[in-house]
Amino acid sequence: MVKIVVPHPEKCTFCRYCELICPYFHEHVVNLRKSRINVIRPAYDLSFPVTCTHGYGCDKECIDACPEGAIRDVDGIVKIDEDLCLECASCVDACPFGAIKIYKGKAWKCDLCGGNPRCVAFCSQGALTYEDGEEADKQIFEEMKKVVEDWRKDYVLQL
Amino acid sequence: MYFNYRMLIVDLDEKEIYTEELSKKLLENTLGGCALGAALQYKNLKPNIDPLSGDNVIIIAPGALTGSLIPTASKTAFFAKSPLTNGWGEAVAGGSIGVELRSCGYEALMIKGKGDQPVQIRIENDEAGIEDTDLWGKDTYECSEKLSRGGFSTACIGIAGENLVKIASIECDGRQTGRIGLGAVMGSKRLKAIAVKGSRDIEMAGKNIEGIARKWYLNLINHPSYKDDTKYGSGEFLDWMNSERGTFPTKNWQKSVFEDRKEIDPYYWAPRYSVKNNACFSCTKPCGKMFTIKEGKYAGTKVDGPEYETLYSLGGEVCNSDIEVLAKANELCDRYGLDTISTGVTIGFAMELYERGILTKEDVGLKLNFGDGDALLEMIRKIAYREGIGDTLAEGSAQAARIIGKNAERYAIHVKGLEPPAYDARGLKGMALAFATSPRGACHLRSGFYGLDLTGKWWKFENVDRFSTEGKGEAVATMEDVMSLYDTLGVCKFSRHVYLVEGLPELVKAVTGLKFSVEELLHIGERTNWIKKLINLKEGLTRKDDSLPPRMTEDEIKEGPSKGSKITVEELQIMLDDYYAARGWDSEGKPNEEQVKEVDAL
Ligand code: SF4
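Chains S and V, in that order, give the protein sequences.
FYI, the numbering used here numbers position 36 of the first sequence as 36, with every residue one higher than the one before it.
FYI, the numbering used here numbers position 440 of the second sequence as 440, with every residue one higher than the one before it.
Think of the hints as simulated: they come from the structure by calculation, not from any bench.
Note that the structure is predicted; figures quoted are calculated from it, not measured.
Quick reminder that beta carbons are idealized off the backbone N, C-alpha and C, glycines included.
Heads up, some of the hints might be wrong.
[To be verified] When the alpha-carbon atoms are kept at most 27 angstroms apart in a straight line, the in silico BS3-like pairs for lysine-lysine are as follows: (1) S:K146 / S:K11; (2) V:K207 / V:K24; (3) S:K145 / V:K207; (4) V:K276 / S:K138; (5) V:K509 / S:K34; (6) V:K24 / S:K11; (7) V:K509 / S:K11.
[Claimed, not checked] Selected chain V positions facing chain S (Cβ under 7 angstroms, derived; list incomplete): (8) G67; (9) L69; (10) S199; (11) N278; (12) F281; (13) S282; (14) C283; (15) T284; (16) P286; (17) R356; (18) I358; (19) E571.
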C-alpha cells in the first residue's frame, strides 16, 4: 500500500500553513515559492490545496516526459533524482497538477517527507489526509486537474 | 539573519521607487509591525497635513513574527494619518501581504505622494513598479481575484475608497483593515491596489522552529475554546452579551439588549449558512465563516463573515434581525470596501435622526426606519457612491452631524470621530476609559479591555469589577501596552488567551534570535503608545478629545443586566487622571521629557 497526500478542498480555510511548513521541513526556511504543496484560490469561496498524487490521479506523465530518466517510480512513490535533472522543465509541462517546480536548477516536488508529511500534520482542518492512494476518491483529483488547468499559466514556473 | 534592514519607498509624485536602510538599532528596539510603523510615522509624517493629500504617508509593516512559522502570526499593520479622526492612524489586518513583503526583503513599505491617474503598485523582490491600472471602478472581490493571479498577495480598495469615503477600508486577501478610513487615503493617492510577491528565503534564528510551532499549534487546537471559536466565530458570545451582560448596543445605543437577536446569533446561522471556515494566513484556528445564501431574494450572497462587530453594526445597531439582509449588507460593505462598524453605526445614527424628525424622507430620499432591511442596503450603496445623503454620511457620523446641524451631534456616537464597536461602555467602565484614551478613537482592539470587564479576569488581572472605576487607569494603560505588543509581533489577538504574554519571549527569541524579558517586550508596547500620543498632540488633539459621546455620559442603560448604568463625565475624568498618572504623563496627557527623549533616540 502506498499512502499519498489527498486534498479535501471543502474543508480548506486558505490558511496556507501547509505552504509554510513544507519548505521549512525541506529547506529550513520559510519561502512560499519553495513549497511542494500550493493552495490556490480560483474563486472567493474556493481554495484548493494542490500537490503530487504519485500516479493515483494521473498517469505519471512526468516519468515519460523526462529525457534524462531523472524521475522514477520507487516502490510506488514518484521520486526525482536531482543529480540527473538538467532543468529542461519537460516534467513541469507534463504534470497535470502543476505539482513540479524548477528552483535553482533542479526540479522538485512532494516527497511525502519520508512518510510523515508535515502539511498533513499541521493541517488543523483535516483538509489534507495521508491515505492509501488506491482508496482515495479519484473525483477529487479530477477536480484538481480542472482547477489547475485554469490556473496553471498563472502560477506554474512563477518562482 | 531574520530582519531585512531596509524599507521600500514608492513616491507616486516623482514616480520613483527606492530603498532606505533601517538601522539595526531601530529594528531591535521596535521589532516590527505597530512599534516600527509608529516610529517611522513619528519621523516621516508632517503634522497638520490634509490626510487626503499627497502629503500623507502610508506605511505598511509586517509584524515581527509575520512570515515566521508561528501559527496565527500573519498580521500586517497599515499606518497613515486618518481622514476620519484627523489623528493617529493605524489598522491591522490578516492576509499574506506581510509575509510577501518580508520575503521580498523589506521590513516595511512606504508610499508617498499621489498618482495623477489610477495606478497600482506591483512588487516582486527587487523589482517594483508603478503601473496604470484597469481595475479602477471594480469591487474588491474582483480586484483581488484578478490581481492575485500569479501568486501575488494584494491590498486593494473598493469603490468607497476611490470616492474618498472616510470610512473606507483596505481589503487584504479577503481580510480588511477596517477602521479609520485608510481606504480613502489610498483612494486620494489614486492607488487602487498593491500586489506583492517575494521569493527570498526567510531564515529564522532558532534551529527547531518546527518544534516550537508544533507546541503552539497544539496549544491552539487543544484549547477548550477552540471548538466553539472555530464553529461559531467571534460572534459566539452574542447571546451572552445580551442576556447575561446587557451590553450589546442596539438601536444606535438607545438600547443595550437586542430582543430580536435569534437569527443573528451564530448558533442559529452558522449551521444553516456557513459552508466552510476561512482563516487568515498562517492561522490554524479559523474564525471566518463562508456565509452562503443559496436561494431566495439574496441568493448568490457570499461573504466571509459576519463576525461579532458586524452582527452588531449591521444588526442590533440598526435593529436588523434578518440574517440574510445582514449577510448581504456585510457583502456589500466588503465589496465596496467599507468598514462594517463605522458604516452600520453611521446608518444607525441617521436612522435615529430620521426617527426624531431631524432628517426627513426628503433629505434621505427614502424612508429610513430602524429595522428596514432594504433601506439599510440602499444606504450602504449611497455611502459608497456618495450619492445624496450618502455624500454627507460618507464623512462619518461626527462630521455628518456637524453638516446636518439641528443638534444632530447629540446622537452621534463616536470618540475622536471613530464610531465604537459592540461593547456598551456604560456597563463596562474600563472599556469606557479605553474608548476615550484609544489613540485612534473608539476602538476595542487598542486595549482589549472589554474582555476584562466582561469576564472579570485575564492574564494577571483578577476580580475586575465592570461597574467600578477603581484601578482602571493603570489596568487600561497596561492592556494598551500588551495589545500594542501583539500588533508589533503580528500574532492574532483572538488567540491571546493562548498566546499569553509570558509565552512571547520564547517566540521572539526563536524567530529573531533576540532575547527579551516580558517586561522589555511590554516596554516596546508602552513606548509605542507614547509615540501614538505624541503624534496626536502634534495634530492638536488634547485632553478634551479623550472623551465620550453624550449618549454614554448622559443617557443611562434602560434595561437588562446593566440597567441604570452610565458613565458620568466626572467618573471619566477621575479615570483619565489615573490613566495619565499611570503613564507618567501630565494632567493634559503629555508624555514626560524622558519619554520624549527615548522616542527621539529611536
Ligand atoms: S493547512 Fe489545511 S486548511 Fe490550511 S491551507 Fe493547507 S490544506 Fe488548507
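To see whether the hints hold, each was checked on the structure:
Simply put, S:K146 and S:K11 have alpha-carbon atoms about 18 angstroms apart, close enough for the 27 angstroms limit, and the pair holds. Restraint check: the Cα-Cα separation between V:K207 and V:K24 comes to about 22 angstroms, which is no more than 27 angstroms; the hinted pair holds. For the hint pairing S:K145 with V:K207, the CA-to-CA distance comes to about 37 angstroms; that exceeds 27 angstroms, so the pair is violated. About 22 angstroms separates the Cα atoms of V:K276 and S:K138, which keeps this hinted pair within 27 angstroms; it holds.
For the proposed pair V:K509 and S:K34, the alpha carbon gap of about 25 angstroms is at most 27 angstroms, so the pair holds. Between V:K24 and S:K11 the alpha-carbon distance is near 42 angstroms, which puts this suggested pair outside the 27 angstroms criterion. This hinted pair does not check out: V:K509 and S:K11 have alpha carbons roughly 34 angstroms apart, beyond 27 angstroms. A distance limit of 7 angstroms between C-beta atoms decides the matter here; for V:G67 the minimum to chain S is near 6 angstroms, and the interface restraint holds.
The beta carbon of V:L69 is positioned within 7 angstroms of a beta carbon in chain S (closest approach about 6 angstroms), and the interface hint is therefore held. Given the 7 angstroms rule on beta carbons, the hint for V:S199 holds: about 4 angstroms separates it from the nearest Cβ of chain S. The restraint placing V:N278 at the interface with chain S holds, with a minimum CB-CB distance near 5 angstroms, inside the 7 angstroms limit. The interface hint given for V:F281 holds, since its Cβ lies 6 angstroms from the closest Cβ of chain S, which is under the 7 angstroms cut-off.
Residue-level restraint check for V:S282 holds (minimum Cβ-Cβ distance to chain S is 6 angstroms; threshold 7 angstroms). About 5 angstroms separates the beta-carbon of V:C283 from the nearest beta-carbon of chain S, less than 7 angstroms, and the hint is met. A least Cβ separation of about 4 angstroms between V:T284 and chain S falls short of the 7 angstroms threshold, and the interface hint therefore holds. Of the supplied interface hints, the one on V:P286 holds, with its beta-carbon coming within about 4 angstroms of a beta-carbon of chain S, less than 7 angstroms.
For V:R356, the suggested interface contact is broken, since its CB lies about 40 angstroms from the closest CB of chain S, more than 7 angstroms. At about 39 angstroms, the closest approach between the beta carbon of V:I358 and any beta carbon in chain S exceeds 7 angstroms, and the interface hint on this residue is violated. A cut of 7 angstroms between beta carbons decides the hint on V:E571: the least distance to chain S is about 43 angstroms, and the hint is violated.
The structure fails hints 3, 6, 7, 17, 18, 19 (numbered hints given earlier, in ascending order).
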